[in-house]
Every structure is written in C-alpha cells, then in structure tokens.
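Construct the complete structure from the given sequences, taking the supplied hints into account.
Listed here are the chains, written in short residue letters.
2 protein chains.
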Amino acid sequence: MGALRLPSLALLLSPCKSLRLVSRPLPLRLRLSTLKAAASVSGGAGSRGLSSQSLAKEEPSLPPPSADRKPSSSYEGSVTPRSVDFNAWYLDVIASAELADYGPVRGTMVIRPYGYAIWEAIQEYLNVKFKETGHSNMYFPQFIPYSFIEKEASHVEGFSPELALVTIGGGKELEEKLVVRPTSETIVNHMFTQWIHSYRDLPLMINQWANVTRWEMRTKPFVRTLEFLWQEGHTAHATLEEAEKEALQMIDVYKKFAYEQAAIPVIVGRKSRAETFAGAIRTYTIEAMMGDRKALQAGTSHNLGQNFSRAFGTQFTDENGQRQHVWQTSWAVSTRFVGGIIMTHGDDAGLMLPPRIAPIQVIVVPIWKTADEKNGVMNAVSSLKEVLHKAEIRVKIDDTEQRTPGWKFNFWEMKGVPLRIEVGPRDVANKSVVVSRRDIPGKPGKDFGISMEPSVLVTHIKSRLEEIQTSLLHRATSFRDSNIVDVNSYDELKEAIAQGKWARGPWSASDAEEVKVKEETGATIRCFPFEQPQGQKKCFMTGNPADEVAIFAKSY
Amino acid sequence: MGALRLPSLALLLSPCKSLRLVSRPLPLRLRLSTLKAAASVSGGAGSRGLSSQSLAKEEPSLPPPSADRKPSSSYEGSVTPRSVDFNAWYLDVIASAELADYGPVRGTMVIRPYGYAIWEAIQEYLNVKFKETGHSNMYFPQFIPYSFIEKEASHVEGFSPELALVTIGGGKELEEKLVVRPTSETIVNHMFTQWIHSYRDLPLMINQWANVTRWEMRTKPFVRTLEFLWQEGHTAHATLEEAEKEALQMIDVYKKFAYEQAAIPVIVGRKSRAETFAGAIRTYTIEAMMGDRKALQAGTSHNLGQNFSRAFGTQFTDENGQRQHVWQTSWAVSTRFVGGIIMTHGDDAGLMLPPRIAPIQVIVVPIWKTADEKNGVMNAVSSLKEVLHKAEIRVKIDDTEQRTPGWKFNFWEMKGVPLRIEVGPRDVANKSVVVSRRDIPGKPGKDFGISMEPSVLVTHIKSRLEEIQTSLLHRATSFRDSNIVDVNSYDELKEAIAQGKWARGPWSASDAEEVKVKEETGATIRCFPFEQPQGQKKCFMTGNPADEVAIFAKSY
Numbered sequence: 033m034g035a036l037r038l039p040s041l042a043l044l045l046s047p048c049k050s051l052r053l054v055s056r057p058l059p060l061r062l063r064l065s066t067l068k069a070a071a072s073v074s075g076g077a078g079s080r081g082l083s084s085q086s087l088a089k090e091e092p093s094l095p096p097p098s099a100d101r102k103p104s105s106s107y108e109g110s111v112t113p114r115s116v117d118f119n120a121w122y123l124d125v126i127a128s129a130e131l132a133d134y135g136p137v138r139g140t141m142v143i144r145p146y147g148y149a150i151w152e153a154i155q156e157y158l159n160v161k162f163k164e165t166g167h168s169n170m171y172f173p174q175f176i177p178y179s180f181i182e183k184e185a186s187h188v189e190g191f192s193p194e195l196a197l198v199t200i201g202g203g204k205e206l207e208e209k210l211v212v213r214p215t216s217e218t219i220v221n222h223m224f225t226q227w228i229h230s231y232r233d234l235p236l237m238i239n240q241w242a243n244v245t246r247w248e249m250r251t252k253p254f255v256r257t258l259e260f261l262w263q264e265g266h267t268a269h270a271t272l273e274e275a276e277k278e279a280l281q282m283i284d285v286y287k288k289f290a291y292e293q294a295a296i297p298v299i300v301g302r303k304s305r306a307e308t309f310a311g312a313i314r315t316y317t318i319e320a321m322m323g324d325r326k327a328l329q330a331g332t333s334h335n336l337g338q339n340f341s342r343a344f345g346t347q348f349t350d351e352n353g354q355r356q357h358v359w360q361t362s363w364a365v366s367t368r369f370v371g372g373i374i375m376t377h378g379d380d381a382g383l384m385l386p387p388r389i390a391p392i393q394v395i396v397v398p399i400w401k402t403a404d405e406k407n408g409v410m411n412a413v414s415s416l417k418e419v420l421h422k423a424e425i426r427v428k429i430d431d432t433e434q435r436t437p438g439w440k441f442n443f444w445e446m447k448g449v450p451l452r453i454e455v456g457p458r459d460v461a462n463k464s465v466v467v468s469r470r471d472i473p474g475k476p477g478k479d480f481g482i483s484m485e486p487s488v489l490v491t492h493i494k495s496r497l498e499e500i501q502t503s504l505l506h507r508a509t510s511f512r513d514s515n516i517v518d519v520n521s522y523d524e525l526k527e528a529i530a531q532g533k534w535a536r537g538p539w540s541a542s543d544a545e546e547v548k549v550k551e552e553t554g555a556t557i558r559c560f561p562f563e564q565p566q567g568q569k570k571c572f573m574t575g576n577p578a579d580e581v582a583i584f585a586k587s588y
Numbered sequence: 033m034g035a036l037r038l039p040s041l042a043l044l045l046s047p048c049k050s051l052r053l054v055s056r057p058l059p060l061r062l063r064l065s066t067l068k069a070a071a072s073v074s075g076g077a078g079s080r081g082l083s084s085q086s087l088a089k090e091e092p093s094l095p096p097p098s099a100d101r102k103p104s105s106s107y108e109g110s111v112t113p114r115s116v117d118f119n120a121w122y123l124d125v126i127a128s129a130e131l132a133d134y135g136p137v138r139g140t141m142v143i144r145p146y147g148y149a150i151w152e153a154i155q156e157y158l159n160v161k162f163k164e165t166g167h168s169n170m171y172f173p174q175f176i177p178y179s180f181i182e183k184e185a186s187h188v189e190g191f192s193p194e195l196a197l198v199t200i201g202g203g204k205e206l207e208e209k210l211v212v213r214p215t216s217e218t219i220v221n222h223m224f225t226q227w228i229h230s231y232r233d234l235p236l237m238i239n240q241w242a243n244v245t246r247w248e249m250r251t252k253p254f255v256r257t258l259e260f261l262w263q264e265g266h267t268a269h270a271t272l273e274e275a276e277k278e279a280l281q282m283i284d285v286y287k288k289f290a291y292e293q294a295a296i297p298v299i300v301g302r303k304s305r306a307e308t309f310a311g312a313i314r315t316y317t318i319e320a321m322m323g324d325r326k327a328l329q330a331g332t333s334h335n336l337g338q339n340f341s342r343a344f345g346t347q348f349t350d351e352n353g354q355r356q357h358v359w360q361t362s363w364a365v366s367t368r369f370v371g372g373i374i375m376t377h378g379d380d381a382g383l384m385l386p387p388r389i390a391p392i393q394v395i396v397v398p399i400w401k402t403a404d405e406k407n408g409v410m411n412a413v414s415s416l417k418e419v420l421h422k423a424e425i426r427v428k429i430d431d432t433e434q435r436t437p438g439w440k441f442n443f444w445e446m447k448g449v450p451l452r453i454e455v456g457p458r459d460v461a462n463k464s465v466v467v468s469r470r471d472i473p474g475k476p477g478k479d480f481g482i483s484m485e486p487s488v489l490v491t492h493i494k495s496r497l498e499e500i501q502t503s504l505l506h507r508a509t510s511f512r513d514s515n516i517v518d519v520n521s522y523d524e525l526k527e528a529i530a531q532g533k534w535a536r537g538p539w540s541a542s543d544a545e546e547v548k549v550k551e552e553t554g555a556t557i558r559c560f561p562f563e564q565p566q567g568q569k570k571c572f573m574t575g576n577p578a579d580e581v582a583i584f585a586k587s588y
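Quick mapping for you: the protein sequence lines, in order, are chains A and B. Quick note, in the working numbering, the first sequence goes up one by one and the last residue is 588. Quick note, in the working numbering, the second sequence goes up one by one and the last residue is 588.
Worth double-checking, as some hints may not be accurate.
Identical chains blur together in the list; that is why a pair holds if it fits in one copy or across any two.
Straight line, CA to CA, 25 Å or less: simulated PhoX-like cross-link-like pairs of lysine-lysine [claimed, not checked]:
id : residue 1 : residue 2
1  : Lys163    : Lys428
2  : Lys417    : Lys163
3  : Lys422    : Lys163
4  : Lys417    : Lys161
5  : Lys183    : Lys526
6  : Lys209    : Lys183
7  : Lys161    : Lys428
8  : Lys463    : Lys406
9  : Lys569    : Lys463
10 : Lys161    : Lys550
11 : Lys204    : Lys422
These are computed hints drawn from the structure, not numbers from a lab. Note that the structure is a prediction, hence the values are computed from the model and not measured.
As structure tokens, then:
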C-alpha cells in the first residue's frame, strides 16, 4: 500500500460548517468532548460533509431533521450513529473518514486517498489471483460504436437506457454515436473475432482494470455511481463445459476474497432468469448482507454461452477442421465492494476495517505534556513505527499537535483502524504500551503493558490483527445467519421481508410470480444458493415440487 | 508481472494472410527459413498484421510498395527491417510482437497482454516512487462540465479542438455538455477548492492512474492515440518555491525511470514558452531520441503557478490569517512511453526490451527429436524454470510442438526477450546450457556450457541481464550523442535538421522566430536542457547574448 498521506482533518467549527447547519441539523456531532477538542484548535476552516450535492439530489441521502435521533451512550464521534439512521450514517462515514466526495457531475464520485487505498487492496489481491489462474491484463478502448451494442438482442435491451453517448469529437458531429463503455463484451468480441482462429488460440483469458459508465438515476457513493471502477474478465473457450468451469472458478475467487480478505460472509449462488446478466445464459453471484440487512450483489460471473460469439461471429476451427462459435464468460468486481465493506463492518462510531485490507492497520498516538516528555515519547513512537514497518505492518503515527489524544482516539476509531497504540511518558518508563482493539470497545478491548521489545510487540500486534480479522468474519456470519428465515409459504416470506430479513424457501414458480413477489414485497431473488438443504422440496408459492431453495431479499 | 499468457502465434500462410498480400507486398517475410517453419505447421489460421484499419487511415502507416526495400543479410524474422522503413518496422513490430491492435473507432488502440505488461512494469516502478515522495493515489470522475474547461483561458485554447463531448445520457439530451477528460486540472481544482482551507491542508499531493481522451487527427499506436492511459499527478502548495521544487522533483523521478529502467538516455530540460503546457507557467520535459532520430516527449512536469487556483478560486488561509491562492503542479507519463521503448531499442529483427521492464526476461527453448530425448529435456527445462522463477527472474518455456526451434529463436528475438536458453539432449547429458543474448547477434552473444547448477546458473543469468541493461543504455547514449550537433548559425541548424539530427545552439530569439524555424525546417525547440555548456553564448539566430542553449529537433 505504501505511504498514505492524509490531508489534515478540517476544523469542526468553521464558517463553512456553520453554513451547513442552516440546512442540516447537527444532532449528535457537538457533544462536549468533540466541542472541547475543536475549541482547542486555531486556524483552519472546512466542511466535514460531502462537498457537493449531485449524488444526494437523486436519493434522499441526507437524513431529515427528526426528533427521534437519540445519542447512544457509547457514542463519542462525529457521525450519525448507525443504529439511528443507517443511510445517514453511511454518508457521514464516507464524508468524515474522507473515503469519497461528490463529483461536479450528477451521480459521479471522487474516490479520495483513504477510500482508494481500500480499492488498491482489493486490486492487489485479485490481480495476483487472476494471473495465477492464467489470465493476462490488457486494455480495450472505452468508446464503442453504437452499432456494436445493438448486435446482441438482450444486451441492448439491458443497457440502452443507461448509456452515455459521445456525439461530438474534435469539434465535429460524429457520423456514428459512440457509447462510453457500460461493459466491454461487445468490443471484446469484435477483437476476439480477429485474434481467434484455431482451437490452439483457446482458451483466451484476459482481464482489464477500467472505468465504466452507466447513466443511473438513483445513485449512492460506491454502491451505484454514474462512473465506477472495476475489473472485467473476459474469456473464450472451445466448449460449454470449459466456460462453465471458468465462470465457477472466478465466482470462487471472488468468494475467497470476500471471506478471507474483506471478512464478508457472502452467499454464493446462481441468479434467477430474471436477474441474469443481459446477454448471459447463467449468472453466478456473491450476495452480501449489509448492516441494515439489505443485500448487496458484490460480484458476478457470467457464462455467456455463445450469445456474443454468434452475434459477432467469433469462431474457431476445431481439431476436426470444423468452424465453431466460441463459448465465453465474463466476470466483474467493482468499487461497489468498498461500499460493501463499509456497510458490513461499520458500527455507531464509524468505519471498522478488516486488518487485511485496512490502509492503516495500527495508529500510534503519542501522549505528552512537557517538552521533556515529548522527546522521550516521540523517540519511542519512532522506533515503534520502524519496528512495525519492518514487520510489514501498515502503521502511522498521528503526531499533529492541534488535536488532543482523546480527539485522535475518536477520529481513528471513526476511520476504522483496527488497532491503536498509545504511548505516554509512563509507558516509555515501563518500556511498554497500551494496545486497543477497534472492534471491542472499552477495557475488554485493551491490552495493557505490552512490552516494546520488538519481537514481543510484533508477535502481539500480528496475532491481534489476525484475531480481529477472524472476529469480524464471525460477527458478520452470526449476523447474517440470524437474519435469514426459512419460509414455507408466501405469507411467511412476506413476514420475513417485512421484518427486514432475508427469506429462504423452495422455489419453482414462474418469472411472473417472481415479479409479483417483487411488486408486493420489494424483495427479489438474490440467488439460488450453492449450498442447498437436503431432501424433497415444495415451492412455497405454488406447492409444486422444487429442486432448489432461493433466497429473497431487498437489495441495493 | 506474474504469469503472462501469450496466445499462440497465428500461422503465416493462412487464408487471411493471403488476403493481406493482395493489398500489401510481403517483401521480406517469406524467406526460406520462415516458410519452412510455417509449412511444418498444421491447422490454425490468422493474420499477423494489425487487425483493423482505423489508425492507419490517418497516417500513411502501411509502407507503400517500393522496390528499394532490400533484405539485410542478418534478417531472419517476419518484420520489415528497421533500416529499410522505420515506420513500417514500428507497425510490424507492434503487430507481430502482439503489443497492440487497432480498436474499432478511428484512432483508438487495444493494448494486448504483451504490450500491457510493459505498461504494468512502468506503473509498478512509478507507483512506488510516487508514494515514496509523499503522493497518494485517488480517482476523479472522467466527465467534466464543459464550463470548467472554459475557466482557464489558455487551457481552453489548448484543449478545445481535441475534446470528445458527451451530449446524451440515459436517453436524454444533457443540459450541459460533458467533456471526456483530456487531462484533469480543472476538475482537480474544483475539488481542491473544497478540501483546502488552511495552510495545514498543504501540501496536497495526489496522483491518479486513468484513461484520457484527446481527439487527435494523426494517430500512431502508443505514440498518439485518441484514448490513452497515463498517470497524472496534481499537487497544491503554499508557495511558488515549493511548487517549483515539486515540479523538478517529479521530472527527476521520470528521468531516473527512463535511465535506470527503460535504458533511455533522455535529455531533461525546460520547454520554450510556445511549447509550455496550456495553463502552466513552466513545463519540464524528458526528451528521448528514437531510432529514426526523431524526438519523443516522454514525460512532462508542469509548474502551474496560480493559473488554475485563480480560475477556480482555490485558496487557503496562511499562517498570518491571509487568504492566498495555492501554487500548483501537474505531471504525467503515459502509454506513449511504451512506444518510446520500442523505438529506442528495437533493431532489424524486431523488439529489444531492457531486462528490467521486459515481461519475459528469459525464454527457454527445449530441443529434442525422440520421445526419450523429450523426457530428459523437458525435465531439465522444468527444473531450470523453477530455479529461475524462485530467483525472481521472469522466465517462460516455449514448448509448443507446432514450431521448430529455429522458428522460436526468431520469434522470441522479434519479441525482444533479453536472454534465450537452449536445452538439447547433449546439454542435459553435460548438465549445461547455451545462453544467448538478444542484444548481441551470433556467436559473440552466446555463452556455451553454462552449468545448470542452480547457484551458478542464477548468478550467470542475473549478471547477463544487468550487462544487457547497461549495454542498452550505453548504446542508446552513444547513438544520441553522435546525433546531436552543436550549431552556431541558422544555416548550421538547417543542415543538421536536414540530416535528421538534433541541433543544439544558443537561443534567445523571439517566439515568432521559433515559429519560423518550425515552418522552415520542421524542427521545434525540444527543450532548454538542464545541462548547459559553460561560457558566454550568442543566439545563433539573432547574434544577441543568450543565457542558454536550446535543442531543436523534429519530433513525434
């Protein structure tokens, strides 16, 4: 991840801030401790909110003034508690933790360094896995002739309402409108058709890291933005079986990333016909349960069959000299995953990052009063930092003099840093430190008197980071499992959904009935999970035999 | 770099190929050895040329049929010799080495895995250096309101002819046209204005890796394309001096990359007023001499002064409580650098890659006749590969059975792989291998009887790779220095330029006279180099005193 420079936090009580108060109540921000900290600062000015308005315009993202937002007793930070208003909390965390900001064009987002570093952690892991599984990175142009989009029937139907079109280039009206890529299957096939000739050219397995544009009407930072970053894998194979194997392999890579790195216990499964990607014969998905129990589709892998190869004439000569259309897959994970991490692990105090993807794993807060004390403490924290850095632990010292230690504790908690080390004059004298876990508040989360002796300290920190990683996954898994209800009738489903839960039940009803469920309850089939209960099943809607259970939920 | 999958090379004598022959002579490709190799292959079909036409439309890139293209005696490969036709050679190398292909939209380029891997090597190095020098990565939206571009006067003048405009989004005509970013200074300043409040927020130092679009009329793969990939750094500082220091620091990072990684002896200097970036007060550049002696601007770093901060009102409160406009820089390197690497080091046989950025540093070619021999040889090459891979040497075995060893030698030479290891039955018996250097043809470049003993082999390979790295830089430096002429009159300049060389001479004449030189000779001021000769100087054009020498050259 390298060095991460964080712009210093803007002052709370500034002219800008005051201006914001006119249009937005500040119910919980100005608790005494925060006020005190802010009052001790001189100079500086700034706004803590997301700076522009464009995304907020479309979704009622700023919480309305309401009387029922009560401070929870443990709350000390500057964000709306999650338990009070999930959506306001989400936007507050993104603004306060400086993860992202609104771009000037409606629905666009600026990904700030702290948020981008999380995306880089996602990239670093997946990039290695993609290469290990035989894929090469490359890059396709983002401008696609409009006629390409029209070639695959369901693809154009799925994407045409969301397109951004370039109609003027170099001062002239273009003869053919250009689509700013919403996804690249069409241009990929156009090129594959020129590169693939014989079975020896297969499998062709590539990936690109790119920006894509979809003209979304309801946007939300990270979750759904007009432009977003992603990787899109595209492969071509000689047989359907190979394509199917590849699609399954890649959804498994995503699943492992979710569990092992992001500590998100996603449910892996197959999409229903209605929810299958525009142009695919089968879509696999990882579905994550957010803190508000809505589902987030966090990654998908498509078996495209021969839909695109037939539309684009992507053929190869097989071992018998026969011309065949290739079988294809595509698969993607995007910056939406960052939103999933925020909404899975965060709590009232703000962000909570799994250690393996946290840009900063350990924040060191030096504490002193006199100049003498400062010398000793700063020497100690510098060597601490060196020791941890050498052990490849991502560590940062917060030595700004404008903030009190208490303010810093709250701030870095809000930023979701997994561990905090406090070093005061007494710690220096005892050659020991206090280590506090982000995920366990108060005394139970603190280890006192941890020796500064390098090997002891490094071992302690590493094992604590691993514990936190495991603990976040366990916590999210318990939460998920306690919020999935097995249903055997439509009424039971309605009740589960009304309670905000996920409903799991046998399903073999029609597409029309799936639409009816959506219209009546707001829930969609998130997937037919790979893990299926044993035994005979009856569709809870029709009473007919059913092969599988499906999971229904409201979703982002 | 990880594993790099290379689609198998298409057959030379294919229906597609034959089709190409109609419109294009194949003067040198069908030498006997190549033909023999091709004839031994069954199945497969394909074209070796760039697949579409769009880039070629604008620039006469395909060489005209001409009688004066004579085969050079050492030539065994499949590309037009560099000495015969530099431009045809360049395009042949890009096609044959599978570096890039034309996109369907005029002027766009698909970067193929082998070309993209070179870009990844550039990214990996620079990304670390940017973080070491205190910059954080982030991401700005690519759509910029048209009004932003108009805010900085010289910026709009410089960029408006090259803009791609989105006018339709989600099926509706947009109220304000959106510019697809040609560069991000305007949107960066829009955001900086919201993030920067006090001197404590400075310096603000960020970078983004992104695609940019410029509606270029004359395009050429890597060198100038409608869309390209780059990094753009943007910083804001409290003083002019800091901004200047930053701009100089970053051009130095680029220079070091060029020398130490790409083995390109760039000349570092300052641009003339006429060639300064649209919106900057000063532009620093690294200028590289290509194999045809044209200059390539390979990276730039701009001191933007307060031009954008005044246009966008990007202010901070200084330590005395005064509001000040920030001082800024921006700096960029793009996929053009890949073109620079190709055109600096390549020779008649094709690409020649500096080991530090070569996607494959060592190609291993097993040679056998009988099944028995095959077993022994394949076992040996597998363990060779393991040994080198463990030593972090990027190694690949070419074990395809459709090609003769001779064909493979030519192919991997053409792909520019620095070292080749040949392993035959006799080598297995002797526990030794033959190692051939790409940069020294024939026997002088071969080391015979190198022991397969891991430590011996690794040491040998590593030192050879370092030698090649150094040798490529030396060779390019000699070439550069023997093609720069010191001039003391306009006539001398004209003569040097007419000979295809660079001219260096004292210059203090007017912008108008700079334009005149361009119109009359085709050469522009590439830079006022940092390294200046001692002593008094007289402008070669006017005879007036001159502070500096300038370098003039024709350029890409």
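Against the structure, the hints:
no.: 1; hint: Lys163 x Lys428; verdict: between (31 Å within a copy, 14 Å between copies)
no.: 2; hint: Lys417 x Lys163; verdict: between (33 Å within a copy, 17 Å between copies)
no.: 3; hint: Lys422 x Lys163; verdict: between (27 Å within a copy, 17 Å between copies)
no.: 4; hint: Lys417 x Lys161; verdict: between (30 Å within a copy, 21 Å between copies)
no.: 5; hint: Lys183 x Lys526; verdict: neither (40 Å within a copy, 55 Å between copies)
no.: 6; hint: Lys209 x Lys183; verdict: within (15 Å within a copy, 28 Å between copies)
no.: 7; hint: Lys161 x Lys428; verdict: between (28 Å within a copy, 19 Å between copies)
no.: 8; hint: Lys463 x Lys406; verdict: within (15 Å within a copy, 64 Å between copies)
no.: 9; hint: Lys569 x Lys463; verdict: neither (64 Å within a copy, 65 Å between copies)
no.: 10; hint: Lys161 x Lys550; verdict: neither (36 Å within a copy, 51 Å between copies)
no.: 11; hint: Lys204 x Lys422; verdict: neither (56 Å within a copy, 55 Å between copies)
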